[in-house]
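Just need the whole structure built from these sequences, with the hints factored in.
Just so you know, the protein sequences line up as chains A and B, in that order.
If you read the first sequence in the working numbering, its first letter stands for residue 1, the second for the next number, and so on.
If you read the second sequence in the working numbering, its first letter stands for residue 1, the second for the next number, and so on.
Just so you know, not all the hints are guaranteed correct.
Here are some of the chain B residues that sit facing chain A, going by a computed Cβ distance under 10 angstroms [said to hold, decoys possible]:
id, residue
1, Tyr173
2, Gln340
3, Tyr359
4, Gln367
5, Leu382
SDA-like mimics (lysine to any residue), calculated; alpha carbons at most 25 angstroms apart, straight line [claimed, not checked]:
id, chain 1, residue 1, chain 2, residue 2
6, B, Lys184, A, Glu141
7, B, Lys247, B, Leu289
8, B, Lys184, A, Pro184
If you're looking for bench data, these hints aren't it; they were derived computationally from the structure.
All C-beta atoms in this analysis are idealised placements derived from N, C-alpha and C, irrespective of residue type, glycine included.
Residue-level listing of the chains:
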Amino acid sequence: MELTRRDAVAALAAVGGGAAIGLSGLVEPPSATSNDHGPRESGSGAPDDAEIEETLVATAEVVYPSAISGIEEFVGTFLSGRLDREEHRAGMARAVSELDELAAEWYGDRFAALDPGERNEFLRELGADLVEEDPGGSTAERVRYYVVNEVLLALYASPTGGELVGIENPQGHPGGQASYQRGPQA
Amino acid sequence: MSADRSPVTDADVCVIGAGPAGALVADRLSAADHDVVILDAGPRFEDGAPTRIERTERAIRPAYGRPDVWDVGGERDAYSATGEWFYPLNHARVKGIGGSTLHWQGMVMRLHEDDFASASERGVGVDWPIDYEELRPYYADAETELGVSGADDNPFGPPREEPFPNPAFPPSYSDGLFAEACEKLEISMHSVPNARNSEPYDGRSACVGYGTCQPICPSGAKYDAGVHVESAEEEGATVIERATVEKLEHGPDRIEAAHYATPEGEYRQEADAFVLAAGGVETPRLLLLSDSEHYPDGLANSSGAVGKYFMDHLFAGAGGVLDEPTRQNHVGFLTSESHQFYDDADEEVGPFKLEFFNYAGPSPVEQALGGDQWGDELLDSLQASYGNHVAVGGLVEQLPREDSYVGLDPDETDHLGNPVPDVHWNVGDRALRTLERANELQTRILEELGADVRWTVGPENTGPAYHHMGTTRMGTDPTESVVNPDLRTHDLENCWIASSATFPTGGALNPTLTIAALALRAAERVDAAL
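Structure (structure tokens):
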């Protein structure tokens with residue numbers, strides 16, 4: 001399934017994004033995200049927005065179902081509604097920074113530079129699959145919260161991800177009053 | 001910048017608690033040109049971070065428990081639970097502007113006529129000193145204030161003539177599945193009155209289907225008492241948030257002032273009249289904390305009934321899976337229920353209602369965030385878990401019992417050094433028998449539907465519905481009750497209580513519409529007294 005820009009805007013409209021639809025009545029269009037950055041050297045300071053985005057896209061490529069494509073634009077657009085939350089952005093930056101440091105130690109390169117198989121293996125070695133998310137917890141728990149679950153929230157609280165499971169208006173998405181009344185064939 | 005939390009000069013009325021009862025009383029009295037000040041122990045959530053949409057994310061993410069969504073917990077909210085049944089108090093309340101309507105489900109039914117006459121009609125409990133006819137116009141008023149979405153299609157409900165302000169939410173797809181089974185069993189289903197907008201109402205949006213209703217509605221379509229606090233402020237009321245009332249200064253016949261603590265210091269609010277609206281736990285606690293030489297067992301407690309007769313509704317439920325899609329978890333509210341068996345209540349079995357769930361089984365996004373898989377494995381797991389769950393819930397009445405009470409725990413103190421509330425919750429055999437009866441019907445419905453029944457919540461594992469009732473009961477006899485039928489305390493001429501704490505019995509219906517109706521009635525009485 002190809003994720004489109006429209007899917008990303010819908011993901012932003014969901015709980016993970018910026019505005020509560022019923023109150024505002026509209027969704028702000030996502031701002032363009034910069035992709036004109038070079039690779040960050042390990043240990044070269046706090047990651048900027050583009051580097052956070054690159055890491056989360058690289059994570060989504062591992063934790064999303066294999067049938068999903070169009071991840072880069074989807075995650076990038078979603079993050080445009082997330083990175084302006086100062087505290088949340090700081091948590092993401094710290095988790096990404098630690099993720100990269102460990103990736104460099106264990107696999108010899110930044111997380112996003114690893115191939116998908118290595119990224120999957122590394123995240124599991126870190127324990128990010130088995131731990132409960134915790135924004136104030138260990139590295140693994142924060143990676144689960146700010147990185148892995150960040151992109152899982154984007155997908156599964158959006159209609160696109162919901163539809164993969166069979167629910168076009170998943171919890172967290174303001175999908176209106178019609179879908180709960182509809183039958184499976186509608 | 002520090003907020004001004006100093007007291008209001010020359011206040012006519014001091015309302016303690018900014019939940020639905022306090023908000024409605026404050027709104028009405030402000031509109032009647034009285035100078036009103038509202039004190040609440042919690043914050044005004046809309047003023048700062050996290051935003052409501054960020055709190056909604058907390059409702060979905062596994063890192064946060066339910067109390068975290070509205071910042072409940074810590075020293076301020078310490079409590080004890082020493083009864084036969086554990087009471088999870090901090091899952092059951094919110095402190096702040098809006099009170100527990102911030103996290104409530106939003107179901108708003110009128111009590112049935114027999115609920116006001118339990119002793120006479122059912123042979124157990126006590127009669128209320130007022131009947132349904134007395135409260136009926138206030139129920140209609142409350143429905144308008146809360147913007148209830150409903151339909152006059154409940155053949156078992158009490159008589160009503162006024163239309164609901166908003167149309168009922170249409171039945172869900174799964175309601176249709178239940179309807180076929182219920183028809184075969186001759187069980188009638190009907191709509192649920194919801195305090196959430198099916199259409200835009202009173203400047204608030206229609207429901208947009210976030211599906212996180214309990215514990216939070218990000219769109220504002222679900223009513224919360226912030227609506228009436230804001231309205232009261234527009235009429236001139238003053239709201240002092242983060243103001244914990246610790247003690248009521250009084251003489252033998254009147255309250256003189258409320259002593260409250262804020263982040264900046266302690267203050268004393270005088271007023272001509274006081275309305276206690278801090279719910280069924282903190283209201284009796286404040287009275288018990290305000291003991292004196294005049295009232296050695298607690299203020300307004302000549303009867304000894306303050307804190308006694310603590311009641312909640314108990315949850316009964318059963319659920320399972322079908323071999324077809326059931327379309328659950330699109331919304332977080334209910335659209336169908338049945339009161340068919342409610343008025344069969346007698347000495348042995350209490351009233352109960354049945355609820356047909358729209359959110360049975362796991363929510364895929366919550367499961368995804370809490371699982372230990374990802375990629376295709378996660379998707380396979382979500383697809384296997386979601387899609388064919390069904391459940392029938394219900395609420396059951398418990399009777400008032402003297403050994404079920406809210407007291408003070410002398411061994412534990414809160415952030416201000418005051419003894420914490422001890423919720424000593426005992427339930428009684430009639431409630432347990434009623435749970436069994438509800439479970440029988442729930443299981444029969446599910447089996448008729450063809451479900452594989454996977455779980456039951458009944459006498460062995462039930463829990464409370466977070467409706468705190470009975471702890472300052474209403475009555476005509478000052479030796480047996482705390483407030484009179486006008487909701488004024490028997491002991492004090494300028495103190496009223498607006499709360500489910502005044503319910504003599506609880507029925508088996510969600511209490512907030514009755515709280516609202518009583519609050520509007522109390523406001524009339526306070527206005528007349530002023």
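Hint check results:
Given hint, B:Tyr173 at the interface with chain A, holds; its Cβ is 5 angstroms from that chain's nearest Cβ, closer than 10 angstroms. The restraint placing B:Gln340 at the interface with chain A is violated, with a minimum CB-CB distance near 24 angstroms, outside the 10 angstroms limit. Annotation: B:Tyr359 was flagged as interfacial toward chain A, and the flag holds, the nearest CB pair being 8 angstroms apart, inside 10 angstroms. Using the Cβ-Cβ criterion of 10 angstroms, the hint placing B:Gln367 at the interface with chain A is satisfied: the shortest such distance is roughly 8 angstroms.
The interface hint given for B:Leu382 is met, as the beta carbon of that residue sits about 5 angstroms from the closest beta carbon of chain A, less than 10 angstroms. This hinted pair does not check out: B:Lys184 and A:Glu141 have alpha carbons roughly 51 angstroms apart, beyond 25 angstroms. Taking the CA atoms of B:Lys247 and B:Leu289, the gap is near 6 angstroms; set against the 25 angstroms cutoff, the hint holds. Among the hinted pairs, B:Lys184 with A:Pro184 is consistent with the structure: their alpha-carbon atoms are about 23 angstroms apart, no more than 25 angstroms.
In summary, the numbered hints that this structure violates are 2, 6.
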